[in-house]
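Starting from the given sequences, assemble the full structure and let the hints guide the process.
Sequences listed follow chains C and A, in order. Sequential numbering of the first sequence, starting at 1, is according to this note's numbering. Sequential numbering of the second sequence, starting at 1, is according to this note's numbering.
Simulated from the structure, these hints should not be mistaken for lab results. Among the hints, a few may not be true.
Some chain A residues judged to face chain C by a derived CB distance under 7 Å, without partners named [said to hold, decoys possible]:
id: 1; residue: P26
id: 2; residue: R52
id: 3; residue: S55
id: 4; residue: T121
id: 5; residue: T810
id: 6; residue: W813
id: 7; residue: S823
id: 8; residue: E827
id: 9; residue: G849
id: 10; residue: V866
id: 11; residue: S949
Here chain C is said to cover these stretches of chain A; the calculated rule only asks that three of the stretch's residues, wherever they fall, bring their Cβ under 8 Å from a Cβ of chain C [stated by the list, open to error]:
id: 12; segment: 58–66
id: 13; segment: 780–794
Within a straight-line C-alpha distance of at most 20 Å, the following computed SDA-like cross-link-like pairs (lysine to any residue) qualify [what the hints assert, rightly or not]:
id: 14; chain 1: A; residue 1: K947; chain 2: C; residue 2: G37
id: 15; chain 1: A; residue 1: K885; chain 2: C; residue 2: S63
id: 16; chain 1: C; residue 1: K214; chain 2: A; residue 2: I59
id: 17; chain 1: C; residue 1: K207; chain 2: A; residue 2: K34
id: 18; chain 1: A; residue 1: K30; chain 2: C; residue 2: T72
Ideal placement from N, C-alpha and C gives every residue a C-beta, glycine not left out.
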Amino acid sequence: MTKAILFDASKCTGCRACQIACKSWNERTYTHTWCDGTYENPLELTSQCWMRILFNEPEEVGSWDELWWHFTKYQCMHCTEATCVKVCPSGATAKHKVSEEDKEAYVVMTDPDKCIGCNYCVATCPFSACRYDAKEKGIFRCRLCFDRITQSPEAFQQGGLHKPLSDFEKLLEDPANEAWLRNKPACVSTCTSGALSFGDRDEMVRKAEERVVKLGGKARIYGRDELGGLHYIYVLEDEPETYGLPADPTVPAGVTLWEALIKPGAPWGGIGLVGLAAAAGLSYVIARRNQGLEGKEG
Amino acid sequence: MTNHWADLRNADVFMVCGANPTENHPCAWKWVEKAREERGAKLIVVDPRFTRSASKADIFSFIRPGTDIAFFGGLINYAIQKNYIQWEYVQNYTNAPLLVVDGYSFDPATGKFSGYQEGKTMGAAYNKDTWMVQYKDQATKTGVLRMPLIDVEDMTNFRGKPTAWTTPGDPKTCPVNREHPLYSQSVFAKLEEHYSRYTPEMVEKVCGIPREKFIEIAEAYCGGTYKPEKSGNLMYAMGLTQSTVGVERIRAFSVLQLLLGNTGMPGGGINALRGESNVQGSTDFAVLYHIIPGYMPCPTSKEKDLDTYNSASSPEKIGGFWVNRPKFLASLLKCWWPKVVEEKGLAAAYDLLPKRDGAKDYSHIPLFEDMFQGVIKGLISWGQNPAVGGPNANLECAALDKLDWYVAIDLWDTETMNFWRRPGVEPRDIKTKVFALPAASSIEKSGSVTNSSRLSQFRWKAVEPPGEAESDLWIVDQLMTRLKALYEADSSAPNREAITGLFWDYTRVDEHGKKVSVEEWEKMSPEERMKTEIDVDDIAVEMGGFNYPEDVKGSEDFWKKARSGVLTTFANLKDNGKTACCNWIYGGIYASTAKNDDGTYKDAGMKYLVNTAKLVSSEEAEKDEFRYKGKWQFQFDPQNIYKDQPGLGLNPYWAYAWPVNRRIIYNRCSADYHGVPWAKDKALVSWNGEKWVNNDVPDFAAADAATGAAVPPEDSASGVNKGPFLMMDWKESQLGLLFTNKTNEGPFPEHYEPVESPVKNPLNGAQNNPAAVLKYPSTDPEKGGDPDKYGFAEVGSNDYPYIGTTYRVTEHWQAGQMTRNLSWLGEAMPEMFVEISRELAKEKGIKQGDLVEVESKRGKVQGVAVVTSRLKPLTISDGNGGSKKVHVVGMVWHYGFTGLFPGGPERGEQGKIVAKRSYAANQLTPHVGDANTTIPEYKAFLVNLRKVS
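Take a look at the structure:
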């Protein structure tokens, strides 16, 4: 049993309360922004901005009836086939269980103490959702509010957030806070329009499927099967591209090679086989990383 | 709102027009979602922009800013043409079957109704003698005449259920008696004639809504909600009201709602979405010039004495509920000047009330004009930021320049506090003395808040205000205490007793909320006294009203006795000075705690102030991060707050809705002539054959006031002086008004162009609202005004070819001071932007993200271009037989020049601020307003646009 967040785009009003709640709970600071001609801001995910709402609209429309304005909650998707976990050379990025009952680990987090700052995950993420912060020396992204949804104090600290455990316990002392705080990520707690819900992944998938049937037309589910199943399930009313989501996110072929052959501790790495394919994998990862860094600096 | 937020869940069709609730009322949106999910409700959005609300709409249409009456008139005409009329409702509950007097007319060639008085404006614009209905006895105005628009059960009085419909239950199949000899004189016939010009083709010409799109909307709204059991819901906000025809726009839709039978229904009504959490409370308490608390008219110099004032509401002259007004006024006077009432009588206390000049307008625009003229020398603004939020902000700042002194009370360092160093002026040139008083925010003070649902809650202080900030009550107290001392010392002060005699003997509390006894107070130094505050609970007692205690020994005894004598309803208020109540509509709000057997409070819905929220001691508070336990648990009846018997979201035990905890106004209209609810699942009141069974508090005479006997439904439907619209003050019957003489510009709403318009009025010969004031001193050279600097662009101006409009975004709030100082919100929406269509951008060579300058006759403002498909050029009539393509330029009005995110300055590399020049969208808007309320015309004006190179 794993948990997931369901984002029903048909109900999202783009109010961005989730974006602010994420900042508030995770104690992310302000970053300088400016309007670049859209409603979107910040323009990129950063170590200080773990989720943001994308505002998508059509370039040209034939008639008024074809107009749309799609809002997308965008952050780490907690992929089952997580590229970042595959490429991580130090084992810092790993999937975690939320409770003992979980059959598998699924919350992707990076342990700042183990992270060596190689940026491989940043370079290869199919959703471009990992960010490295040189100052705080770590990879930052959505943690599915691991500290809120878990019941165990250890897990709270394992989240890697430098927040004293007492904060959390103090909040829970007041029974009034129990209902909204416990078991729900900050974004879900704050959503006013009912676009976000959180629960067992199977339940979220079922709910999404029902909603898709109700909406009809071009409505579809996204995240159920992609990359072995995401832990963000989307209900979309149109093609994923109209929401700024990749139609078919995949683990790059190069990454698979890298994981199998070169990555320290890889099954074939010990043999010392450095073949053409392996070289291709290495060059892919490094090239992507450099590209990414250049992109950032430019 | 006639209905309330949670009631949105009961709607079948929503019309969102002049509002953007997804953006500006995000928490309320969940009820719309609920209606869509559970009832399959349809959502129609009509707006100059494809907004966040539009993104959720089933049907969306653009509309040219400033043309809503043409659109609504089109809907009225469409409903009449298709017979989408809820006939039983219209015949029984509205004034449609009444007869209009001879002499009433409307002339499309001049655009004027009968009675127009050349050169006059506002209330004097028309002689309203012909805006009347016919009576048996015209001299005494008794025995109003009716006719049967349709055949009904009682063909003597022309009331009852329809009898001639071919499909019972479907009003569309009611034959209309157009051949009846009296038909042509009926209000309905006049309405039909008036709106016959508003064809779908005309709507297209005026509003730019294509004919097919208009018909799609009209079918969905009129066709979807005219059936008795269906509810159509209008959600509107400033997009409708902020106009020279603001009041008439709301009237136009009210007329449509009456025709479709949507008013008084759960899920229906006319719903003003308030933009501020307590703006309803502020109007209830008369933070307006024309009323005193509880919507009683502010006395003018014509109402010289109490008898004259009261005679206007005598039962000989009016009907409905307002005949009780003398009781409300007497209780108010007793509350304010108890000693004067006791010693000299109510009439003497009335004399102390300031009387305004009845012909003078004291609203925002004329006040600033008076400052500009040097008539007003000093200004106190409280939680207001006119340098950003005021119309024609350049003019309003120039008016502030002329003041001797200015006091600003606000949470933040606002633009208006800093008007003397706004971009473009030299501080040394401005002589105004400016004082800034830091105020406490809503969570830093205790008091009541009343929202759009008329729902009032009392909130206890959650945290201490920072620094020197103080609560509003503290500031008022300090001001009044000092004023009293000054008046006491000056025996020649004008209207002295109004100040010296004003009751101010409130209980005092210290900084920790602990009561200060009289002995302690007497020992206190002036400095210590300054740290105390009035006990806000005393004010709540005054709101709820109380039997005035006698034989009182000192202040403590007075308040003890007042509390034991609190009233349970405003019906207990007396006109003899024996009761006190500072606002009758809240009468009964502070009632007893006596309980019924089932644990509910006896005065169901009244007791919202039971102090279950105990302030913890300061010692405890220090230990507890949250300071005050149970701050949200003060609701009056914890066991029942979620109780919602019929499942309509009425939640009668949650907080208190004035009046008398009534959740849906005009709820008699939710049931048919015989008192049977139109829809079984929407039952508010129903007649069981012997008495009324109520889920909501009846808004009609359900029981005889004297005997308590149940009033049968036929009487409360349209009996003499017992109509379903109880607050109407007409003596004959309280009916929904399709035809009225209460507005200044006409008995039916008519389309007039905004003062700045790209075209001639295609609908009639008057370009602008004939009753609106178009010339203020600021634009009159004879009075020192400058029309080139503060005036208007001409019709169809080539210098200003585009239509400018302003709006808000969800990330910021009003004039911005509360949100532009919060870094996370500023990060999300950092600066001034200007939305334009891709077509206009192409024409002007503007790309997304370019810096552009928008200019009106009155000013310039810069912003970042947001080039979008969500705006489209509209094709409309040019008023001369041709057509014209018009572009809309949209601007947010939140930004200014102070705070963390000023928003409007010029930028350098990487968005770095390099200069502060223009700052607020309202530097562009005109100084002109509605002909009844003078609400400024913010939403439609003319601009030019250029790219800043």
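The hints, checked one at a time:
With a least beta-carbon distance of about 4 Å to chain C, the hint placing A:P26 at the interface is held under the 7 Å criterion. Interface hint at A:R52: satisfied, since its Cβ lies 5 Å from the closest Cβ of chain C, which is below the 7 Å cut-off. Satisfaction of the interface hint for A:S55 is found here, the shortest Cβ-Cβ separation to chain C being roughly 4 Å, below the 7 Å cut-off. Using the Cβ-Cβ criterion of 7 Å, the hint placing A:T121 at the interface with chain C is not satisfied: the shortest such distance is roughly 39 Å.
A least Cβ separation of about 5 Å between A:T810 and chain C falls short of the 7 Å threshold, and the interface hint therefore holds. Proximity of A:W813 to chain C is violated relative to the hint, the smallest CB-CB distance being about 13 Å (cut-off 7 Å). Hint status for A:S823: holds, given a least beta-carbon distance of 4 Å to chain C, under 7 Å. A least Cβ separation of about 5 Å between A:E827 and chain C falls short of the 7 Å threshold, and the interface hint therefore holds.
Look at A:G849: its Cβ gets to within about 4 Å of chain C, closer than 7 Å, so that hint holds up. A least Cβ separation of about 5 Å between A:V866 and chain C falls short of the 7 Å threshold, and the interface hint therefore holds. This hint is violated: A:S949 has a C-beta 17 Å from the nearest C-beta of chain C, more than the 7 Å allowed. Proximity of the segment 58–66 of chain A to chain C, defined as three or more residues with a beta carbon under 8 Å from a beta carbon of that chain, is established by the 3 residues found.
Taking a C-beta to C-beta cut-off of 8 Å, the segment 780–794 of chain A contributes 0 residues in contact with chain C, too few for the three needed, and the coverage statement is violated. About 14 Å separates the Cα atoms of A:K947 and C:G37, which keeps this hinted pair within 20 Å; it holds. With a C-alpha separation of about 16 Å, the suggested pair A:K885 and C:S63 falls inside the 20 Å cut-off, and the hint holds. The suggested pairing of C:K214 with A:I59 holds, with an alpha-carbon distance near 18 Å, which does not exceed 20 Å.
With a CA separation close to 16 Å, the supplied pair C:K207 and A:K34 stays within the 20 Å bound. Proximity of A:K30 to C:T72 is assessed by CA-CA distance (about 18 Å); at most 20 Å being required, the pair is judged to hold.
Hint compliance for this structure: hints 4, 6, 11 and 13 are broken, all remaining hints hold.
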